[in-house]
Amino acid sequence: MRFLVIFIFSFYLFADVDATIRIEKDVESRSRVAIIDGSVGVSPNINSKFFEILLADLKISGHFLADKTHYMGRGADFSSKDYIIKYKFSIEDSASLNIQLIEVSSDKQIMSKNYNIPSFSKYPFLVHQAVSDINQFLKYPSISWINRYLVFSRYTSKKQSEIILSDYTMNYRKVIISGGLNLFPKWADKNQRTLYYTSYNSLIPTLYKLNIYNGSKIKIASSEGMLVCSDVKGSKILVTMAPNGQPDIYEIDTLSGVKNRLTSFSGIDVKGRYVDGGDSMIFISNPLGYANVYKKSLYGTSVSQLVYHGKNNNSCDAYGKSIVYSSRETKSGYSKNRFNIYLASSNGYNTKPLTSTGSNQLPTFSSDGSVVLYVKSRGNSSSIGYINLKDLKTVQFPLSGRKIQSLDW
Amino acid sequence: MKSKIFIIAISVFFIGCSDKKKVQPSNVTNSSETVTIDGGVDSSNNGGSGGGNAATYNNSYGGLDGSSGGLKSIYFEFGQYSISSDMQERIAQNSNIIKTKSKIKIEGNCDEFGTDEYNFALGLKRAKVIKDDLMAKGVDENKIVMISLGESTPLCRETTDECYAKNRRVDFHIIN
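Top line first, the protein sequences correspond to chains A and B. First residue of the first sequence: 0, per numbering that gives the first Met the number 0; consecutive thereafter. First residue of the second sequence: 0, per numbering that gives the first Met the number 0; consecutive thereafter.
What the hints contain is simulated information worked out from the structure, not anything from laboratory work. None of the hints are false.
From the structure, some residues in chain B lie toward chain A, with a derived Cβ separation under 7 Å: (1) 114; (2) 115; (3) 116; (4) 119; (5) 127; (6) 144; (7) 145; (8) 147; (9) 151; (10) 152.
DMTMM-like mimics (lysine to aspartate or glutamate), calculated; alpha carbons at most 25 Å apart, straight line: (11) A:310 / B:111; (12) A:402 / B:160; (13) A:158 / B:76; (14) A:258 / A:188; (15) A:402 / B:111; (16) B:136 / B:85; (17) B:98 / B:132; (18) A:157 / B:157; (19) A:310 / B:161.
Per the computed footprint, the stretches of chain A lying under chain B, defined by three or more beta-carbons under 8 Å from a beta-carbon of chain B, are: (20) 152-158; (21) 238-251.
Just so you know, even glycine gets a beta-carbon here, dropped at the ideal spot from N, CA and C.
Between the sequences and the hints, there should be enough to build the whole structure, so can you do that?
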């Protein structure tokens, strides 16, 4: 018995998994679904990718237990399922989708919708919208975050980068800014019509606000050394800038242009994130000689340390009264380090790990705070991962190309 | 352009009138979704000789250097922004050259470890400590422009400690 306990404990401790396999609960609250593909004339590659995206959407919602079999007709026994999702995907000049939801117990079609998107390459958004609608029809908590754009920057060569729009799975990608060094994209409004980014193409880094629908852009600020927009709250933004060569966090009212310096430590202060409704912020600083997560009121001077573990905690995000951060848990500063993502309350309590293997960085909350995005690296491969905070389900999608520099969604 | 937008708007209206579900990203139609901006380069404010592509480097440190104009790069320990004693001679040599120039740019760089904003701040702290040291050696503050490039400008991409060390540096470029 003792050996069995030790074995089980060891298996748990060294299991090579993230949160998804460690915790399986609430199975009964999820709807069991089978998926039947009725598409005609779609290439096997696209068809397969479509099905994978559909499965991922259902899984990360936390509300469905999807059968992974790619059924092409109703020949199988579906009596153990609650619902059948039947779809017909077609590609002509545009991408079209018909989705039907069939209740197995009554064998009745309870929902049917048609979708169309002019650009074929955007077909992943058809899937996301359809799953979001099915989820809403069955009265589950909203998963509308899956319909949102991800925006990220990545280096392409020395002093060269590009800013890219994608869906959350990164199956849809579109370069929107290329040429030169343009970094740190950050959505400027909830509807994702405008974004902030920093141009490093002149002597002085300059922050612009770009309308992605018409290409117009306005200059927001410039600062010698560095300039990054870290967070947005209406017309106010938190930026890291260095007018005197000293990187500090400022709040800028983009309407009035008024700048308010929020930090004055002589070391490094970066990555300000509004927290607790916007009266306070968390940020990364290094008063102890390494990067760590701190918190301060926007209107006061006292600073509190939030994290008391890890060798280097240099990335964080906040939503409401929750924070996520990445923590280096190995001594070496180099490539084989283990970085894990942790979730905690905004006062630093109730800390729990969300990942357990590899290098996990850039944790970012979804727009509703229900899901955390992160970039995972293991060996020579990397992926973008999502953790549903309610049931700790995860999905990951492989990342190709250069390392992601910064992202927002 | 206006007629194109009008046609698209009309199309979107009729699509919206059918029984088809309007998918949000489809609203990003042809004329607006593919906003491709050509780098945002302000040619009137470009960085002279130091603002463009990396130069060919003659003055090497372990075979690589990122500076130009006879100036030498300064290297740093992992995660640090203090100047080590073995770099003092290089700074002294650089200061003598810089005093003869009217303007220089110093660029702070990092290795690939750490993340985005922190690396840019670390690069800037490295540039700032060099600027302060140059000023202490008599260089006019107004001659110096600083910028952090984070990890965007590696000189070496091999996965070795020696290679990473070559990317933790401050480069110098003469503007005029």
